[in-house]
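> Sequence:
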Amino acid sequence: MSDSGEFKRDVSYISDRITLDARKPEHGPVDGDLWPVEPGRYRLVAAWACPWANRSIIVRQLLGLEDVISLGACGPTHDERSWTFDLDPGGRDPVLGYERLQQAYFQRFPDYPRGITVPAVVDVRSGGVVTNDYPWITHDFFFEWRDHHRPDAPDLWPDDLREEMDEVMERVYTEVNNGVYRCGFASSQDAYDAAYDRLFVALDWLEERLTDRRYLMGDRITEADVRLFTTLARFDAVYHGHFKCNRNKLIEMPALWGYARDLFQTPGFGETIDFEQIKTHYYVVHTTVNPTQIVPKGPDPSGWLTPHGREAL
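Numbering (the working numbering), first residue to last: 1 to 313.
FYI, nobody ran anything at the bench for these hints, they're computed from the structure.
This structure is a prediction, so every number in the text was calculated from the model and none was measured.
Be aware that a few hints might be false.
20 Å max Cα-Cα, derived EDC-like pairs, lysine to aspartate or glutamate [as the list claims (entries may be wrong)]: (1) Lys-24 / Asp-159; (2) Lys-8 / Asp-193; (3) Lys-249 / Glu-175; (4) Lys-8 / Glu-175.
Can you build the whole structure from these sequences, using the hints too?
Take a look at the structure:
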């Protein structure tokens, strides 16, 4: 948190990468170690409640990597120490044997000084965390694990769109994905007002962009859609009220609401959304924002399954 009350996200992550033959990747940072692609060696630890982790679950499913990268799921709540495996029998991850994700971090870095975040990729062999650098986890699922994609996997990073995609995703991240958090965790009125204005400028831009195109980059689903979707899926259930992003609801923005429903009804997206876990996470964990920890009953999620009419675009 800055002196002005503006929320500042810690963006320092474990920067190791998993690449084909542990090669130097074509894109992105190479500040940490390089690990080889190896089916069955790694476990993606995520949480259905977390939007950043939700991305990795969606991409893993879209690409058909379920049989080569296993999935461990943390429960929706956590304390100051760590996410926990309270959804599993006995409260332990059945593959890693851990009660807390923190154990995987400490197995590799005994004095790990930062927050224990999801998603995290864990080396099953050693039990230690490999990386929690979420944008590059999904990027590398596409580029480095190609040999293991299902035959009809979507091209989430089209070469001809990469430059524009990077620009769109950067704006989506700074203004929307992180923008809702700047609203929710602002600790001064000025910081909140500025964050609120920035967020809705970006949402208006997206509303206009999606009025005459089905997806963010045109007629095909890309990584950019995955990154926007996880925020939109949580907007009315959490961000509108809990984070005070309340100029309007998602359901009141026709293009964005149709677009979000379109993705929700696409295999790989909607089945990764658990609204009860999402609401429980935000309303219970964020005690400074919601000290009573009361979880709202609404909104009614049935609208997500109504016709979206975007096939014509």
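> Does each hint fit the structure? Answer for all of them.
Verification of the supplied hints:
At most 20 Å may separate the alpha-carbon atoms for a hinted pair to count; Lys-24 and Asp-159 meet this at roughly 19 Å. Using a Cα cut-off of 20 Å, the hinted pair Lys-8 and Asp-193 holds, with the two alpha carbons roughly 15 Å apart. Restraint check for Lys-249 and Glu-175: satisfied, since their Cα atoms lie roughly 17 Å apart, inside the 20 Å limit. A distance of roughly 13 Å separates the Cα atoms of Lys-8 and Glu-175; the hinted pair therefore holds under the 20 Å criterion.
Comparing the model with each earlier hint shows no violations; every hint is respected.
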